[in-house]
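Number of protein chains: 2
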Amino acid sequence: MTDLVLTYFDFDGGRGEPARLAMHIGNIEFTDKRFPMAEFEEVRKGTPLGQVPTLLVDERQVTQGNAINRYVGKLAGLYPEDAYQALLCDEVMEGIDDLLNSLVRTFGLEGEALKEAREAFVAGPVVRYLAWLEKNLAQSGGEFFADGRLTLADLKVFVLVSSLGGGQLEHIPVDVVDTIAPALSEHHQRIGQTAAITDYYAGR
Amino acid sequence: MTDLVLTYFDFDGGRGEPARLAMHIGNIEFTDKRFPMAEFEEVRKGTPLGQVPTLLVDERQVTQGNAINRYVGKLAGLYPEDAYQALLCDEVMEGIDDLLNSLVRTFGLEGEALKEAREAFVAGPVVRYLAWLEKNLAQSGGEFFADGRLTLADLKVFVLVSSLGGGQLEHIPVDVVDTIAPALSEHHQRIGQTAAITDYYAGR
Numbered sequence: 001m002t003d004l005v006l007t008y009f010d011f012d013g014g015r016g017e018p019a020r021l022a023m024h025i026g027n028i029e030f031t032d033k034r035f036p037m038a039e040f041e042e043v044r045k046g047t048p049l050g051q052v053p054t055l056l057v058d059e060r061q062v063t064q065g066n067a068i069n070r071y072v073g074k075l076a077g078l079y080p081e082d083a084y085q086a087l088l089c090d091e092v093m094e095g096i097d098d099l100l101n102s103l104v105r106t107f108g109l110e111g112e113a114l115k116e117a118r119e120a121f122v123a124g125p126v127v128r129y130l131a132w133l134e135k136n137l138a139q140s141g142g143e144f145f146a147d148g149r150l151t152l153a154d155l156k157v158f159v160l161v162s163s164l165g166g167g168q169l170e171h172i173p174v175d176v177v178d179t180i181a182p183a184l185s186e187h188h189q190r191i192g193q194t195a196a197i198t199d200y201y202a203g204r
Numbered sequence: 001m002t003d004l005v006l007t008y009f010d011f012d013g014g015r016g017e018p019a020r021l022a023m024h025i026g027n028i029e030f031t032d033k034r035f036p037m038a039e040f041e042e043v044r045k046g047t048p049l050g051q052v053p054t055l056l057v058d059e060r061q062v063t064q065g066n067a068i069n070r071y072v073g074k075l076a077g078l079y080p081e082d083a084y085q086a087l088l089c090d091e092v093m094e095g096i097d098d099l100l101n102s103l104v105r106t107f108g109l110e111g112e113a114l115k116e117a118r119e120a121f122v123a124g125p126v127v128r129y130l131a132w133l134e135k136n137l138a139q140s141g142g143e144f145f146a147d148g149r150l151t152l153a154d155l156k157v158f159v160l161v162s163s164l165g166g167g168q169l170e171h172i173p174v175d176v177v178d179t180i181a182p183a184l185s186e187h188h189q190r191i192g193q194t195a196a197i198t199d200y201y202a203g204r
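Just so you know, the protein sequences line up as chains A and B, in that order. Numbered per our numbering, the first sequence spans residues 1 to 204. Numbered per our numbering, the second sequence spans residues 1 to 204.
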């Protein structure tokens with residue numbers, strides 16, 4: 001039995017959350033090592049590239065969020081075995097990281113500078129990437145992003161949409177996804193009704 | 001038979017080159033659609049996210065470089081089947097994209113601003129990421145990055161090291177990898193001796 005420790009911020013979102021959800025859905029035993037934001041400077045010193053999430057797999061500490069997502073996705077049965085379906089799953093996971101990179105560049109700003117940066121983030125990357133995701137979902141049949149079933153791609157989109165509409169990000173209107181990409185709101189609602197996800201958040 | 005068209009800049013490097021190498025090594029038939037840098041503004045209008053490479057798989061145009069690498073890597077037999085070895089392969093591929101993102105932010109600068117940005121790029125991200133890659137290679141046995149054989153991770157590192165030492169990037173000393181990470185220079189030399197890679201570049 002492989003020993004798994006996932007290290008990430010103590011909040012229900014971001015780049016670490018899809019892996020947590022996948023392991024809960026797949027009943028994969030792991031240590032959910034959470035730390036408060038204030039400890040990040042200390043925690044990052046012990047990581048390979050100064051970033052989280054990391055996954056300790058037995059003795060080896062691995063970095064890069066989507067690499068981790070893909071690995072636990074395979075363990076949990078939530079990653080396509082077919083190469084072409086895996087391509088579609090990967091495309092979505094990696095595209096979302098572009099968007100998160102744009103968002104991260106607004107962190108640390110304050111006041112008017114934050115407002116301007118967030119509004120530009122919404123008007124530019126958010127509009128573009130949500131439209132792309134909607135088109136992608138439609139091309140894949142409208143229900144799931146790959147493989148005709150729940151995969152890591154759906155979890156990654158689910159966590160993104162939760163964050164954008166969660167009201168925690170200043171100057172991002174909570175109805176942004178409803179307005180720009182209603183099909184993603186419906187997808188979010190549908191994925192959120194997965195029994196293992198409902199149970200998980202009910203227990204947090 | 002799947003019809004594949006890879007669209008990328010007409011130079012032997014960057015995010016499109018590992019997929020080209022993989023398909024040549026694996027004898028995968030594809031259309032190598034190259035365009036000159038000056039046409040990028042026009043080409044990007046026809047891509048899902050304004051980025052290249054893209055891969056047209058029959059009728060569907062897919063974006064995101066590592067998603068494409070992974071897919072053609074599977075077709076070419078250059079991607080680990082074992083989930084843990086695939087994790088190690090992915091970690092390297094995705095870490096390198098961080099480094100490329102830092103490099104891309106220096107593009108378009110000129111004169112003193114370019115010099116400063118490139119020197120900071122070398123002193124910061126390059127030093128950190130090459131040290132990480134060296135450690136990674138050592139942990140995986142010293143010869144290959146994953147699976148004890150040639151995989152996409154080796155090709156991605158090979159293309160990176162070719163670029164850093166290629167003399168095309170102003171203010172990046174051509175001996176930077178030799179100096180900072182000699183084990184990666186040796187890896188580069190070894191991978192470059194793969195018959196299919198030697199043949200490929202000899203024919204270009």
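Since the hints were made in silico from the structure, they are not lab data. Cβ atoms here follow ideal geometry from the backbone N, Cα and C, with glycine treated the same way. Heads up, a few of these hints could be off.
[To be verified] Negatives, chain B to chain A, calculated, CB over 10 angstroms:
1. 14
2. 142
3. 149
[Said to hold, decoys possible] Below are the BS3-like pairs computed for lysine-lysine, each with C-alpha atoms no more than 30 angstroms apart in a straight line:
4. A:45 / A:33
5. B:115 / B:135
6. A:135 / B:33
7. B:45 / A:45
8. B:33 / A:115
9. A:135 / A:115
10. A:45 / B:135
11. B:45 / B:33
12. A:33 / B:115
13. A:135 / B:135
[Stated by the list, open to error] Heads up, incomplete: computed chain B residues facing chain A, CB under 7 angstroms, no partners named:
14. 46
15. 48
16. 49
17. 66
18. 91
19. 94
20. 99
21. 202
Verification of the hints:
1. 14: Per Cβ check, residue 14 of chain B is outside 10 angstroms of chain A; nearest 16 angstroms; holds.
2. 142: 15 angstroms, holds
3. 149: Check passes; 19 angstroms lies beyond 10 angstroms.
4. A:45 / A:33: The hint holds at about 16 angstroms.
5. B:115 / B:135: 29 angstroms, holds
6. A:135 / B:33: Holds, because 24 angstroms separates the two Cα atoms, which is no more than 30 angstroms.
7. B:45 / A:45: 41 angstroms, violated
8. B:33 / A:115: Judged against 30 angstroms, a Cα distance of about 41 angstroms means the pair is violated.
9. A:135 / A:115: Roughly 29 angstroms between the alpha carbons, so the hint for residue 135 of chain A and residue 115 of chain A holds.
10. A:45 / B:135: 16 angstroms, holds
11. B:45 / B:33: Holds: residue 45 of chain B and residue 33 of chain B sit about 16 angstroms apart, inside 30 angstroms.
12. A:33 / B:115: Not OK: residue 33 of chain A and residue 115 of chain B at ~41 angstroms, beyond 30 angstroms, violated.
13. A:135 / B:135: 41 angstroms, violated
14. 46: 14 angstroms, violated
15. 48: 6 angstroms, holds
16. 49: 6 angstroms, holds
17. 66: At about 6 angstroms, which falls below the 7 angstroms cut-off, the nearest Cβ of chain A leaves the hint on residue 66 of chain B intact, so it holds.
18. 91: With a closest approach of 4 angstroms, the residue 91 of chain B hint holds.
19. 94: Holds - the Cβ of residue 94 of chain B comes within 7 angstroms of chain A, reaching about 4 angstroms at its closest.
20. 99: For residue 99 of chain B, the interface hint is violated, since the closest Cβ of chain A sits about 10 angstroms away, which is over 7 angstroms.
21. 202: 30 angstroms, violated
Of the hints listed earlier, those the structure fails to meet are numbers 7, 8, 12, 13, 14, 20 and 21, in rising order.
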